[in-house]
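Participant: Here's the letter readout for the chains.
2 protein chains.
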Amino acid sequence: MRDGFGLSRREAFFVVKGIVIMDRTIEWDDGVVRMIDQRTLPHEYQIAEFTDHTGVARAIREMYIRGAPAIGAAAGFGLALAAQNSDATTRDELLSDLNEASDILREARPTAVNLFWALDRILKRASKESLRAPDEIRPAVLDEAQQIADEDVEINRCIGKNGAALIPAGATVLHHCNTGSLATVDYGTALGVIRAVHEQGKGIRVLVDETRPRLQGAKLTTWELKRLGIPQTLIADNAAGHFLHSGEVDAVIVGADRVARNGDVANKIGTYKLAVLAKENDVPFYVAAPTSTIDMSVAAGADIPIEERDADEVTRIGSEHIAPDGVEVANPAFDITPQCYVTAIITEKGVVYAPFEEDFAEIFQA
Amino acid sequence: MRDGFGLSRREAFFVVKGIVIMDRTIEWDDGVVRMIDQRTLPHEYQIAEFTDHTGVARAIREMYIRGAPAIGAAAGFGLALAAQNSDATTRDELLSDLNEASDILREARPTAVNLFWALDRILKRASKESLRAPDEIRPAVLDEAQQIADEDVEINRCIGKNGAALIPAGATVLHHCNTGSLATVDYGTALGVIRAVHEQGKGIRVLVDETRPRLQGAKLTTWELKRLGIPQTLIADNAAGHFLHSGEVDAVIVGADRVARNGDVANKIGTYKLAVLAKENDVPFYVAAPTSTIDMSVAAGADIPIEERDADEVTRIGSEHIAPDGVEVANPAFDITPQCYVTAIITEKGVVYAPFEEDFAEIFQA
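Taken in sequence, the protein lines are chains A and G. Each residue of the first sequence is one higher than the one before, counting from 107 in this note's numbering. Each residue of the second sequence is one higher than the one before, counting from 107 in this note's numbering.
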């Protein structure tokens, strides 16, 4: 049976308002996937709980949770829910259920590669020949999902440390979208670098792009930086060029949703313009991303699918309708930054410079 | 006596909701200045009436009316109200009252030069030695204000015609902010060019930048284009780079708030990034502006004051608060586009190419 979202009615969903402050953006707790509902921040801190993979797919699609590493972890736990809920009595039946669940999760969002990477990694583990019975596979699936989540925190701390070495003391950095704890399991990628600089006591100030249309900068990054006590100034996206030209910005640092083999970067819409403006004004442009974001199967950015999202995201802000009814809208959620504008890509395994393809190949061979 | 706005209580202000559709954005009607209240569009069409220059100053500051040519006309009519309301019985008394009113209007907004240009032009006419008595000066002030308004419509039509010749048939153009009838007395500058292309039957489609923080594109430009029947697609400002890079845009066309002698352009925040992105992608970048926007007293863009507006414009959209309370905000209302990024400046006297200073000098000598 399907509801209006094309999802099974088995999906269970609860909101526990303001009761628990989570250690991580997403957690597995005794058969339940719990995540911060990012749609109501910064004003309301709500926890959403899911007991079914279709609910997790909806959470990804509707952006309860977003950020490439976070949706990778969410997809992993979604698969763990599918394994837990499956009535399969044989190995083949369970693997078939997991593949079906994986297909549903895979369709949630098309651009960030971490989603597919996490699903593939778990399916590979689940289908190991050594696992014969469903009751051997189920804990393996959960274990792999949990490993992905745990590793993400560790990876982000490495990215932070590697990136912090690139940022001079007392720097002002420009940041786009949200790449912090909320975009990952914990700590953050680009925001992790900022956080590491701050933790090292070097002093850092962040110019926060509001990041239309969904305002992840205004709503989420400001909220995180405030909690971390890192000085920040919120700006309209339109003002970024002005500040890059004024000489006030020492570096631009962003995350990534997918990096092609040649170093082209798919990231939140508006990233490309920052990269061009940074180069034009001799400001370094850094991309911070785990190696799970690098898609060696894709030769260049042009081959990365760009998600087109609802017109509503542009024409409505909360309850405010900001455009005439029925106006035509184009709303690409991501853009491609050609590698020629990227100063360096900061991964957990080190900082990669152009030509990226060679270094990527080394990383993946190692 | 001063009210909360620091304005005289003599200011009279009425809203006539949805009764009159005005021919022009701003009109003088029998001792009253009437303007479309642009703050409530596209959802409510309201007319605001002012009988005092302090009310007009407030209307400019609070953006009932905006757009360089429109605020020039508004300042002119504000001075006509001051002349009408003055109790002066001698020439010197009236000129003193006009200078005082001019100072109040002059302070309303700092960047667009048309405001100062209109005030200076009217004060010059008022202080002609041939005008001896207050009753000779009062009609001269109104006549000059009315001339400025009438000329603006004519000038915009010339800009439209001159600019249309640059736009190929069937073009897609990218437009920032609002430069239409609402930003002028009627017809528009950059939007006037788009309108002229449309009227010539050449076919044109507009990518409309929403133009954060005040959303003049989403709220005003969409409303005007819809009334004119010109095909449009609304985008978040962040998506402009994506579409410029995709090859979908044949030209960028914007207005100006002030053009320096060397061709540097002060215009709505976000203009600079479009100019850089246009150049990077070999797309022509056109500025459409009347010669009254060219300030020959300013050598370069760096000398143009940039208005900093309230944080509230960034953190609040209608009734929606989009950022944590108390977050620090930078909100420059304009930026400077260095002349090296400007393909051409379209004026009523012709299209000017680099080096701009020489051609400007010729225009102002002619």
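Don't take each hint at face value.
Simulated coverage check for chain A against chain G, where a stretch passes if three residues somewhere in it have a Cβ under 8 Å from a Cβ of chain G [unchecked claim]:
#: 1; region: 252-264
#: 2; region: 378-387
In silico negatives: residues of chain G with every beta carbon more than 12 Å from chain A [said to hold, decoys possible]:
#: 3; residue: 138
#: 4; residue: 203
#: 5; residue: 329
#: 6; residue: 344
#: 7; residue: 378
#: 8; residue: 428
#: 9; residue: 434
Derived contacts from chain G toward chain A, CB cut-off under 8 Å, selection only [what the hints assert, rightly or not]:
#: 10; residue: 146
#: 11; residue: 234
#: 12; residue: 237
#: 13; residue: 239
#: 14; residue: 240
#: 15; residue: 324
#: 16; residue: 325
#: 17; residue: 342
#: 18; residue: 383
Think of the hints as simulated: they come from the structure by calculation, not from any bench. Every residue gets a Cβ at the ideal spot worked out from N, C-alpha and C, and that includes glycine.
Participant: All hints, please: hold or fail.
Facilitator: Checked hints:
For a cut-off of 8 Å, the count of residues in the region 252-264 of chain A with a CB near a CB of chain G stands at 0, and the three-residue condition is violated. Beta-carbon proximity to chain G at under 8 Å applies to 5 residues in the region 378-387 of chain A; the threshold of 3 is reached and the given coverage holds. Every CB of chain A lies more than 12 Å from the CB of residue 138 of chain G, the least distance being 29 Å, so the non-interface label holds. The Cβ of residue 203 of chain G lies farther than 12 Å from every Cβ of chain A, with a closest approach of about 39 Å, so its non-interface assignment holds.
Not every Cβ of chain A is farther than 12 Å from the Cβ of residue 329 of chain G; the closest lies at roughly 6 Å, contradicting the non-interface assignment. Consistency note on residue 344 of chain G: stated as away from chain A, yet its beta-carbon is not over 12 Å from all of that chain's, at 3 Å minimum. For residue 378 of chain G, the shortest C-beta to C-beta distance to chain A comes to about 5 Å, within the 12 Å cut-off, and the non-interface label is violated. Against the 12 Å criterion, residue 428 of chain G falls within the reach of chain A, whose nearest CB is about 5 Å from its own CB.
The Cβ of residue 434 of chain G does not lie farther than 12 Å from every Cβ of chain A; its closest approach is about 5 Å, which violates its non-interface assignment. For residue 146 of chain G, the suggested interface contact is broken, since its CB lies about 12 Å from the closest CB of chain A, more than 8 Å. Interface hint at residue 234 of chain G: violated, since its Cβ lies 42 Å from the closest Cβ of chain A, which is beyond the 8 Å cut-off. Here the hint on residue 237 of chain G is broken, as its CB sits about 45 Å from the closest CB of chain A, past 8 Å.
Hint on residue 239 of chain G is violated. Least Cβ distance to chain A is approximately 50 Å, over the 8 Å limit. Given the 8 Å rule on beta carbons, the hint for residue 240 of chain G is violated: about 46 Å separates it from the nearest Cβ of chain A. A distance limit of 8 Å between C-beta atoms decides the matter here; for residue 324 of chain G the minimum to chain A is near 4 Å, and the interface restraint holds. At its closest, the beta carbon of residue 325 of chain G sits 6 Å from a beta carbon of chain A; the interface hint therefore holds under the 8 Å criterion.
Contact between residue 342 of chain G and chain A, as hinted, is supported at the beta carbon level, the nearest pair being about 4 Å apart and thus within 8 Å. A hinted interface residue such as residue 383 of chain G counts as satisfied when its beta carbon comes closer than 8 Å to some beta carbon of chain A; here the least separation is about 6 Å, so the hint holds.
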